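For this one, chain R is given, so just place chains U, Y and F on it according to the hints.
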Amino acid sequence: MVQEAKALDIVELVEQAVAKHGARRDAVIPILNEINQAFGYIPTAALPEIRRRIHAPAEGVFLADSHLYSAASFYQLFSLKPLGRHVIRFCESAPCHVMGGRQVIQALQNELGLEIGETSQDGKWSLLTTSCLGVCGVGPVFLVDDDIYGNVTSDQVPEILARYK
Amino acid sequence: MKKKIRSLEDLNRFREKAFEAKQRQTHLGNVQVIVSLGSCGIAAGAFDTLKAIQQQVDDDHLNEVIVSQTGCIGLCGHEPIVEVITADTSKVTYGHVTPEVARRILREHVLGGKVLEAFVVEV
Amino acid sequence: MISLTINGQTLDVPENTTVLKAAEQAGIVIPTLCNHKDLTPYGGCRLCSVDIQGLRLPATACTMLVAPGMIVRTESPALTRYRRTILELLLVRFYDAGYTHSNGSPTIDSQFAYWVNYYGIDMKSTMAQKPFRLIDSDPNPFIWVDKNKCIMCTRCVRACAEVQCRFVWTQAYRGYDLRIVAGADTTMLQARCESCGACVAHCPTGALDNKMSVKLGPPDRLVTTTCSYCGVGCQLDLNIKDDVPGGRVLRVTSNAKAPINGDHLCVKGRYGYDFIQSPNRLKQPCVRKYLLDGTARPHNRGSWVEVDWDTALDFAARGLRNARDQYGVHSIGLLTSGRCLNEENYLMNKLARQLLGTNNIDCCERVSHASVVDGLESGLGLNAPSNSLDDVANEAKSILMIGTNTSEQHPIFGVKLRRAVLWRGCKLVVAHPDFINMSEYAALRLVHRPGTEAALVNGLMHIILKNGWEDRTFIEKYTTGFQDFESCLDKFTPEYVAQQSGLDETSLQHAAEILATNRPMAIVWGIDLANYPAARRNVLSLINLQLLLGNFGVPGGGVIPLRTQNNTQGACDMGGHPSYYPGYQPVDSDATRKKFEAAWGKGLPTRPGLTATQMMSAAAEGRLRALFILGEDLVAGASNGSHIQRGLHNCDFVVHMAAFDSETSRHADVLLPGVTFAEKTGTFTNTERRIQMVHQAIAPQGNARPDWLALTELSRHLRRNNGDGDYSDWDYHDTSQIMTEIAALTPIYAGISHERLEQITCLQWPVKNLSHPGTPMLSMEHFAGGRGRFTRIEAAEADS
Amino acid sequence: MKVIRSMVLVSVDQASLERGAEEVFHKFLEEIDEFGLSDKIAVSTIRDVGLRDDIPLVIVYPDAAVYGPVRLEDVHTIVEEHLYKGNIVPHLLALMRELAPEIAWTRDRRGTLPIEKRIVLERAGIVNPESIEDYILNDGFQALGKALTQMTPAEVIAEIDKSGLQGRGGAGFPTGRKWSFVASTPGSPKYVICNADESEPGTFKDRLILEGDPFSIVEAMTIAGYAIGAHEGYIYIRGEYPRAYHLIENAIHQAEMLGLLGDHIFGTDYSFHIHPHAGAGAYICGEETALIESLEGKRGMPRPRPPYPTTYGLFGKPTVVNNVETLANVPPILRNGAVWYREVGSPKSTGTKVYTILGNVNFTGLIEVPMGITLREVIDIYGKGMRNGKKLKLVQTGGSSGTIVPAKLQDTPLDFDSFRNAGVSLGSGALLVCDEDTCVVDLAKVILRFFRNECCGKCTPCRIGTLRLYEIINQISEGKAVLSDLEVMQNISEAMSEVSNCGLGQTASTALRDILKYFREEVEMHIIDKVCPVGVCPIAKHESELMQKAG
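Chains as they are written, first to last, in the numbering used here: chain R, 32 to 196; chain U, 5 to 127; chain Y, 49 to 848; chain F, 2 to 552.
Treat each hint with caution, since some may be false.
[What the hints assert, rightly or not] A few chain Y residues that face chain F, going by a derived Cβ cut-off under 8 angstroms, partial list only:
id : residue
1  : 102
2  : 105
3  : 130
4  : 141
5  : 219
6  : 223
7  : 224
8  : 260
9  : 262
10 : 292
11 : 764
12 : 765
[What the hints assert, rightly or not] Result set (DSBU-like, lysine-lysine): computed pairs, CA atoms no more than 35 angstroms apart in a straight line:
id : chain 1 : residue 1 : chain 2 : residue 2
13 : F       : 518       : U       : 95
14 : F       : 147       : U       : 95
15 : F       : 118       : U       : 21
16 : R       : 37        : R       : 112
17 : R       : 51        : F       : 299
18 : U       : 26        : F       : 41
19 : Y       : 445       : R       : 51
20 : Y       : 445       : F       : 318
21 : F       : 299       : Y       : 195
22 : F       : 147       : U       : 7
23 : R       : 155       : U       : 8
24 : F       : 41        : U       : 8
25 : Y       : 195       : F       : 481
26 : U       : 8         : F       : 531
27 : Y       : 178       : F       : 481
28 : F       : 299       : Y       : 85
29 : Y       : 650       : Y       : 816
30 : F       : 481       : Y       : 172
31 : Y       : 816       : R       : 37
32 : U       : 95        : F       : 531
33 : Y       : 445       : F       : 147
34 : F       : 518       : U       : 118
35 : U       : 21        : F       : 147
36 : F       : 299       : Y       : 178
37 : U       : 55        : F       : 41
38 : F       : 481       : U       : 95
39 : F       : 41        : Y       : 69
40 : U       : 118       : F       : 41
No lab work stands behind these hints, which were simulated from the structure alone. The structure presented is a predicted model; accordingly, all values stated were derived computationally and were not measured. No residue lacks a Cβ here, since even glycine has one placed at the ideal position from N, Cα and C.
Okay, chain R solo, but in the shape it has when bound:
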């Protein structure tokens, strides 16, 4: 089962993130980033909390939930729904593809029994793709959470996945 964030945690976290990055319009993306990092996704309930703390008509800053939703849904590293405990992001850009990525993503799909974009029933894995991660010199490449794996062959996939509980 995928875990959803709790209301109290959300308020606390938003408070911290706003304190850290400033109650400013241009701090919105770093703040969303903190929340995404902490929960693995951005709970919609966090948006009004952020808005309340940044909206400041006296300083000419007007913010609505729609602004935040709009920004949060734009960026690929943010998710608006809960993901699995471990998130795999496979680079599907041309260099990795040319260097053998096609076989590796197939191996990942087979091993996990997931299509791209899916989260496993038990909430352990989410299999996503990403655009270039900038380590093309060691392609094919994928990320498991924050760990990056390069020069991957399909044979290595089971061993790498086994490292995660």
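Just chains U, Y and F now, kept in the frame of chain R:
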């Protein structure tokens, strides 16, 4: 609190001091083992390599070995890359350094003085 | 001016003009979908791409500003090819389920369909072959959402943000997955939609539509008229279908050319039109059974009997005459209506003074508004706002808003102020005991204890004087009574005022600083201020504040009392006032009276009559015996309803003319079915003295009659002998005739005629003659004696 | 480091081979070895030299001397006289006429053979990126000190202008001119933005600089700030580079501690603050106006241009946006002078260029070479040749938004001008080398999928165009397309490149366009014959399944 640099002269004095400190290190006969820790290197397993080196340094009490890091040099095809700088020989760059190879480098090159030709990368 | 060439045609346009606008000026049409004149350019649809010499790639005409010597070509085979490709691409993600779209045009084509057709593309065969999203996907009661027709032009997003300042719609996700969502992908109402329909008005495809009428098809004709809800005076288009005799209102749409509101309307104006054809409308005159029986009036006035107009009017006339004959002219009272036409209010004034011989005439709204109007009169010698709405919205650097929930009561003006705050940084100070919508836009909120307004304002002035922020030159040149006034502020120290009002001293200091240092500053107040016990005093304090800061006679300054009803201003202007003939000509001035006596061919009463409030007391005490109430539900509209009910109950004879049955008509003896604004032609005067046409769109419902016509008929029943003045007759065939009479007798309306209003659409009084352009801002010369008067306001605690 | 001085190309087209080219090739290897020149001279082959009779042809770089016909016995002379002594052998030269256009490119090229010359990467992989001592030890902050204490802002701009430094983000706009625009634009405050949202697939030069030499960017941004009169700088680092973000944060902190950043830098009145900012995954934010929107906390959607950021940038103020690599050139220029810098590279494209070499080569990685190197040189010298001895089919230059260069064009020098003339984009410097096992339909599919996913959606041609192109290429790869689809693709592609709002849409179909230009036959085979010649596309699988069933 470090003293602030207020002029080019300050900067050059700072530089001289840094140079002397570095000189002192090599004069003392220390060996520098530098792991290339760019993202490419990390993706290729440089953290595992670094861990192995540190483990070995601890286990064998290699006090004169200074382990440090550098960025990526652009030789992605050879990652993970480890450089060994000793006072007598100049810099040797190794490529494809797995934890196993790293341990061998420490044992054979750093302690034994024998360069592992098979893993040397020409730069 | 910048000179450029478009399609070989050389033209001069002002700086910062876009190529698109420049082309428009030259009569060259460039296709576009995402552009709209009210909205900031977006450059998204790319349909308006044109060739500009020297640029590697075509540029979008909607975003590209003109430059000297620029050479533009708006058509080429390549451009046509790109445009066709763009439209074909849009159709890949477009599905029309086939229902007729309803955005106000008599031809069904949406703007999108027009261009698709123009470039020779067959929509049906090119578009998606089945819907890919839910049709009618939002539960909003007024706005229909069909995202199958969305082309991501974002006009709705921009309209909601820039026009309504509400930020309901937004773009979410990106690329091929891009979609327009409300709020955080919720329903519109959850995203705090106010259902103003601006998004519908700006949608070029019909993805957003009017839910109440989405499948009703196009209208047969459009009738542009003035909204009847509030004092802002928006214009709108009634969409009329002539499939029943006299026609019916299909829907309301906005009209881009409307002088005040353009393509913008509020939820009431756009969607609150069903009352026009409501089954509850009064359709037949009624009289109480006892009148027909010729028996005594029962306690509860007995039951209603439907009668013909002649019978009803006869009873009405008889009742009024009886009271006059029995108890004298002062026993009759007339209440005019801020909902009715200027022409009708004028007739009421004429009826009272000429035919009945009484000055007991007042505007219904004065029951609640009297003190405010009095304050204005005694401080400034004015009976109207000094500045216009747009002037405040566009020029004021700061605004004090007090006693008004503007975005509820005067939505379009509220939104104009939101825009002032959002898009040009105007500082808004909202003094209101509640957290109202405008509070969200306020630079500072003052949550004071109700009833301490005067203390609060005095406190602000105390701080202003202490800091030397007052305008000495203005005070000397344009005011009287400052010396005497000044000392009354002494005791209103921040500590004292804080303690009185429940505000903290910092807020007071802050408020004073914002208002005094961001000039011109405008003050906007509304009905809530009048509802406070000491309304007159509050108004005088606010006038003091503006005199102190020299905020009169400047654009963006002044005082804006917001009139609740669409024509409260006009009703007062037209002599719906115990002391004034039309145009604030005093009844106790011999010269004026003589003028009207000559015109109406009749001797007129010399003393001012009773105000509405006084009439109610007089009725309760049995001094006032007969009442004629036009248009209003007095009981529901007033803050002191029980007082009014007592008065009405006590009255011997009450005639009520209205479109609907109400609490007030329960107390009536004769009930005349009036009509709504959609069924008559004439004029309204909005809260900023702007006179606009109202156009009849459909025939009166049932047997109802326009009020002016009923009054004209009534005059026949009342009149015993014709006078021989120029205007003593009541032979009105239409309201334009009445306006001609008004203009002749009312200097501030001298330049008004229906004919002229059809051309100019609106004029702000004073309009001195037929070539006078009107007066958007009253300058000092319009004040009584050319000077404003400071008034000492002492009491703060214990309002009397 | 191995220093290649010259390069010898032997023509190996069918006709040349028939006349002994292979022997000539081997003879060169022998002779060069004989003279002890093996690690200074590279020998390679060239396939397409056009129809001519003076073959085998031998071209010697960097002199671009073309010898022909070269007989076995001439080799010794050429090696001894030309390669060893440095004198061209006139009597063996080929006639100038009749050169194939691809070779003609090389005739104009003069100067030294491109060898690795590290300017922007001078410290990457050498110094400890976490240590400001290491940076200062390696000439760090000398340029900033010089600028702040010895130069006026105008002089700094003049020096950058004189160096001829062009933006390395892809467009190649002169940096000095951009700075002087902003310096002279009224309005304040002004901002410096370092565009470190390096997202072009196959490009990681900026990451290398940020991870290997973060202090140089701090120093360069401060210099830029001083030059244009800004006191705030933002560095927008893509979210996928957490390590770079961490190292930059550390560099900012350390520089502030030493008074080399922050208030009163170098004890002068000049103050400059840098704010690191992490992106969150959007290729489009590499576009400077989208980046600015994103910095302001909004969706990264490009603004209409004009106005350009130089007049209406961050928070509506005049703003310089420079790419990481561009900025990394700034300290060395100020340290060594514009004259020194101009000597590197070609006259119109000064300085070096960083390339990343990827794909089916023996060695992947990154090099920094003077402008003007050819693809062949890159592949043979630095890529160590094709992997598994396969044949080169094509190179995609400049990342996914870049052009496809077929093997026959591999002698075009890589500099801004030549590339522009050849309709090829240099872009980010990514060179994706593809061998004969690459199916162009499959490659196009991956590239178009990338743009479909990364398009921001603002403008019609790009939003639906990328979607449609991806759908159609998928159909082609599945054998479900018809020939007229190619025309549809071409129409969409044309509209996209002409009237899209920003560079993304304008270049999204570049690769497709080139593929249809150079490899149309292969694409048509998918459609008409329902065959993927390379055997990568689903139809191939489909076919083989059918075959199996039949068998």
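Comparing the hints with the structure gives:
1. 102: Violated - the Cβ of residue 102(Y) stays beyond 8 angstroms from chain F, reaching only about 13 angstroms at its closest.
2. 105: Interface hint status for residue 105(Y): holds (6 angstroms vs cutoff 8 angstroms).
3. 130: holds, 4 angstroms
4. 141: holds, 6 angstroms
5. 219: For residue 219(Y), the interface hint holds, since the closest Cβ of chain F sits about 7 angstroms away, which is under 8 angstroms.
6. 223: At about 4 angstroms, which falls below the 8 angstroms cut-off, the nearest Cβ of chain F leaves the hint on residue 223(Y) intact, so it holds.
7. 224: holds, 4 angstroms
8. 260: Check failed: Cβ of residue 260(Y) comes no nearer than 32 angstroms to chain F, outside 8 angstroms.
9. 262: violated, 26 angstroms
10. 292: violated, 43 angstroms
11. 764: violated, 66 angstroms
12. 765: violated, 68 angstroms
13. 518(F) x 95(U): violated, 49 angstroms
14. 147(F) x 95(U): This hinted pair holds, its Cα atoms lying about 32 angstroms apart.
15. 118(F) x 21(U): Holds, at roughly 29 angstroms.
16. 37(R) x 112(R): holds, 14 angstroms
17. 51(R) x 299(F): holds, 19 angstroms
18. 26(U) x 41(F): Judged against 35 angstroms, a Cα distance of about 34 angstroms means the pair holds.
19. 445(Y) x 51(R): Given pair residue 445(Y), residue 51(R) holds - Cα atoms ~34 angstroms apart, limit 35 angstroms.
20. 445(Y) x 318(F): It holds: about 23 angstroms lies between the C-alpha atoms, which stays within 35 angstroms.
21. 299(F) x 195(Y): holds, 24 angstroms
22. 147(F) x 7(U): holds, 20 angstroms
23. 155(R) x 8(U): violated, 51 angstroms
24. 41(F) x 8(U): violated, 47 angstroms
25. 195(Y) x 481(F): holds, 30 angstroms
26. 8(U) x 531(F): violated, 71 angstroms
27. 178(Y) x 481(F): holds, 21 angstroms
28. 299(F) x 85(Y): With Cα atoms ~24 angstroms apart, residue 299(F) and residue 85(Y) stay inside 35 angstroms; holds.
29. 650(Y) x 816(Y): holds, 26 angstroms
30. 481(F) x 172(Y): Roughly 24 angstroms separates the two Cα atoms, so the pair holds.
31. 816(Y) x 37(R): violated, 69 angstroms
32. 95(U) x 531(F): Roughly 57 angstroms separates the two Cα atoms, so the pair is violated.
33. 445(Y) x 147(F): violated, 47 angstroms
34. 518(F) x 118(U): The hint is violated at about 56 angstroms.
35. 21(U) x 147(F): Cα-Cα ~20 angstroms, so holds.
36. 299(F) x 178(Y): holds, 34 angstroms
37. 55(U) x 41(F): violated, 39 angstroms
38. 481(F) x 95(U): violated, 58 angstroms
39. 41(F) x 69(Y): violated, 65 angstroms
40. 118(U) x 41(F): Holds, because 28 angstroms separates the two Cα atoms, which is no more than 35 angstroms.
Hint compliance for this structure: hints 1, 8, 9, 10, 11, 12, 13, 23, 24, 26, 31, 32, 33, 34, 37, 38 and 39 are broken, all remaining hints hold.
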